[in-house]
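J.: These protein sequence lines are chains Y and L, in that order. The opening position of the first sequence corresponds to residue 24 in the numbering used here, with each subsequent residue numbered one higher. The opening position of the second sequence corresponds to residue 835 in the numbering used here, with each subsequent residue numbered one higher.
If you are wondering where the hints come from, they were derived from the structure by calculation, not from laboratory data. Please note that a few of the clues may not be correct.
Unchecked claim - Distance condition first, Cα-Cα at most 25 Å in a straight line; then the derived DMTMM-like pairs of lysine to aspartate or glutamate: (1) L:K840 x L:D858; (2) L:K969 x Y:E134; (3) L:K935 x L:E977; (4) L:K969 x Y:D137; (5) L:K1191 x L:E1131; (6) L:K935 x Y:D137; (7) L:K1010 x L:E963; (8) L:K935 x L:E954; (9) L:K907 x L:D890.
What the hints assert, rightly or not - Restraint-style ranges between C-beta atoms, simulated for each label pair: (10) Y:V195 x L:N943: 43 to 53 Å; (11) L:D899 x Y:I232: 46 to 56 Å; (12) Y:I86 x L:Q972: 50 to 60 Å; (13) Y:P161 x L:T1001: 21 to 31 Å; (14) L:T1001 x Y:I232: 53 to 63 Å; (15) Y:D137 x L:P1143: 45 to 55 Å; (16) Y:D137 x L:D890: 21 to 31 Å; (17) L:G1153 x Y:L136: 30 to 40 Å; (18) Y:D137 x L:E1131: 53 to 63 Å; (19) Y:S231 x L:A971: 20 to 30 Å; (20) Y:T57 x L:R846: 45 to 55 Å.
Claimed, not checked - One-sided excerpt, in silico: chain Y residues whose CB lies under 7 Å from chain L: (21) R139; (22) L140; (23) D142; (24) A145; (25) V146; (26) G148; (27) P161; (28) L162; (29) P165; (30) L168.
Cβ atoms here follow ideal geometry from the backbone N, Cα and C, with glycine treated the same way.
Each chain, letter by letter, is given below.
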Amino acid sequence: MNWQALVLSLRLAATVSLVLLLIALPLAYWLAYTRWRWKFLLESIVALPLVLPPTVLGFYALIALGPRGFLGQVSQKLFGHSLAFTFTGLVVASLLYSLPFAVQPLIASFESLDRRLLDAAAVLGANRTRTFFTVIVPLSLPGLLTAVVLSFAHTLGEFGVVLMVGGNLPGVTRTVSIDIYDRVQALDYASAHQMALLLLLISFVVLSIVYGVNRRVWSPWPAR
Amino acid sequence: MTLIAKIRKEYRTANSSPFLLDVDLQFARGFTILFGPSGSGKSTLLDCIAGLATPDEGRISLGDDVLFDSGAKRISLPPQNRRVAYVFQSLALFPHLSIEKNIAYGLANIPADDRRARIEQILSAFHIEPLRQRKPAQLSGGEQQRVALARSLVTQPRLLLLDEPLTGLDAGLRRKTLVDLRDWNGANNIPILYVTHNRDEVDAIGERVVTLAQGRVQDSGRPGAVLDTPRSVALAQAAGFENLLHGIVLEHRPSDGVMRVAFSLSNRELEIPLGPAPKGTSVQIAVRAGDILLATEPPKSISARNILPGTILSLELRGTLFTVQVDAGLVFTVHVTPGAVRSLHLAAGQQVWLVLKTHSCRLVA
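Using the sequences provided together with the hints, build the complete structure.
T.: So, in structure tokens, the structure goes:
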């Protein structure tokens, strides 16, 4: 059992799901309530990682994070190295990769709220920020949990993006899924099986939490 | 403090082409009832006044304060700054907050001592002190309605908008809640706009009525005067006239103050109060089901001028009243009490006589 890879995977998934929540909350709020006519373009961009092969996403992430990419150059100036093949680079790429898994459950739960509750808050003098934190968020807790858990589980299981952006550095970028791949390549099926089964069990438990709390089945873009 | 609302706005209802809401209204202190069938623009009007919807054109002012003006110097105060209270049909209580926290929601910007005092005062004014720790879902419909009123009024608004807030309450509970609301307004004296499409509620409040149909004001005045002479078919239906009959004016008898109307599909005639329809024109007559008497023998020596023989088609108990369909050449709907059904042994197929006073038959313009 490669504990180092497991700890790295869990650390990556936890970091990504929490940072993603901070990004997804305002983004989902805006997408759920705006009447901007081109919002479908942004919805498509957010949903892209659902359909793109991870290698495509990983490829562009690698270019952006590498020494010649925009983010890579910013990092070079600040920290003296680019983001390719680093843990931070993995986090940035995973944020993109798991974005729809955080945004979509939030939009679904924001849109299912009774609009009159928001009207009532406005008439009672609450501005948008107060309405958001005192009405929208408390009434969307199941959606929030779904968003965190799904992005956690999705990041935990990613392979292609990690391989493209992170490579295979033990303790830095060698996550569980990479480790399993390595072992299979080396024909070490017994230990590959151990790791694979563990990942399977973790994913099952995590999804059980989501479906247990939220009776409604998660689906891509909510019906409206 | 008078509300003046001059509003033009195109609005849509669930399944119809867009209507134009086009009104110019003044509301003084005290109750005004806005009455109209669903889809007449009542809720759109309230949304515009509260700032939840924006008129295409117009001006809304409350006393000296302009809430909205589409003129050269455009003004549109956000709902947060209007100090207008609004109780929605759905009430919109915050389900995750206790009753006390619901009521405190609009008092975020005042000192804690003052807030507590105001909450205590409003809880006692609406008799809901024992509910303070509960969640909205644990309350009955009537209790929820009281809490919604209290939550709105505790903010000391300058105007109160009520969108069918007492619908679904039985008459006794409704009266109690109205008494509390009147008591509160005795001290505060603000304009209250009360929207309803329920005739019983209008009669229970009994104050100035403005009738709205298809986005336009039809009439205004005392409930009796306005609703008993409905200006449109939609309003007649909403005002509880179960019988709408199409006929042709036969003759005028100005000396008696009446005219006779014939009904094309049968050879029946009705005497109705003299109205503005010339002889030979087709008219609609509205009759409330509760204004028709049923007799099992031909009535004699009676002042009512319209007596029609007929046969009972069906009887159906609805709530506390029987709805009886009678074929008298035309099919009439008649309301009778269960006691009357028992003592007259009313049953389908039975021969009966309908008795209609001249003044129970209203001409619909």
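J.: Evaluate each hint against the coordinates.
T.: Results of checking the hints against the structure:
1. L:K840 x L:D858: holds (4 Å)
2. L:K969 x Y:E134: Cα-Cα ~23 Å, so holds.
3. L:K935 x L:E977: holds (15 Å)
4. L:K969 x Y:D137: holds (17 Å)
5. L:K1191 x L:E1131: holds (17 Å)
6. L:K935 x Y:D137: Distance of about 19 Å is within 25 Å: holds.
7. L:K1010 x L:E963: holds (16 Å)
8. L:K935 x L:E954: Holds, because 12 Å separates the two Cα atoms, which is no more than 25 Å.
9. L:K907 x L:D890: holds (15 Å)
10. Y:V195 x L:N943: 43 to 53 Å: holds (51 Å)
11. L:D899 x Y:I232: 46 to 56 Å: holds (52 Å)
12. Y:I86 x L:Q972: 50 to 60 Å: holds (58 Å)
13. Y:P161 x L:T1001: 21 to 31 Å: holds (28 Å)
14. L:T1001 x Y:I232: 53 to 63 Å: Taking Cβ atoms as reference, T1001 of chain L and I232 of chain Y lie about 41 Å apart, which means the hint is violated.
15. Y:D137 x L:P1143: 45 to 55 Å: Because 54 Å falls inside the window, the suggested range holds.
16. Y:D137 x L:D890: 21 to 31 Å: holds (27 Å)
17. L:G1153 x Y:L136: 30 to 40 Å: With a Cβ separation near 35 Å, G1153 of chain L and L136 of chain Y satisfy 30 to 40 Å, so the hint holds.
18. Y:D137 x L:E1131: 53 to 63 Å: holds (57 Å)
19. Y:S231 x L:A971: 20 to 30 Å: holds (27 Å)
20. Y:T57 x L:R846: 45 to 55 Å: Taking Cβ atoms as reference, T57 of chain Y and R846 of chain L lie about 20 Å apart, which means the hint is violated.
21. R139: holds (4 Å)
22. L140: holds (5 Å)
23. D142: holds (5 Å)
24. A145: Holds: closest Cβ of chain L sits about 4 Å from A145 of chain Y, inside 7 Å.
25. V146: holds (5 Å)
26. G148: Where the cut-off is 7 Å and the nearest Cβ of chain L is about 5 Å from G148 of chain Y, the hint holds.
27. P161: Holds: closest Cβ of chain L sits about 5 Å from P161 of chain Y, inside 7 Å.
28. L162: Constraint on L162 of chain Y satisfied, holds at 6 Å.
29. P165: violated (12 Å)
30. L168: violated (15 Å)
Consistency with the previously given hints fails for numbers 14, 20, 29, 30, ordered from lowest to highest.
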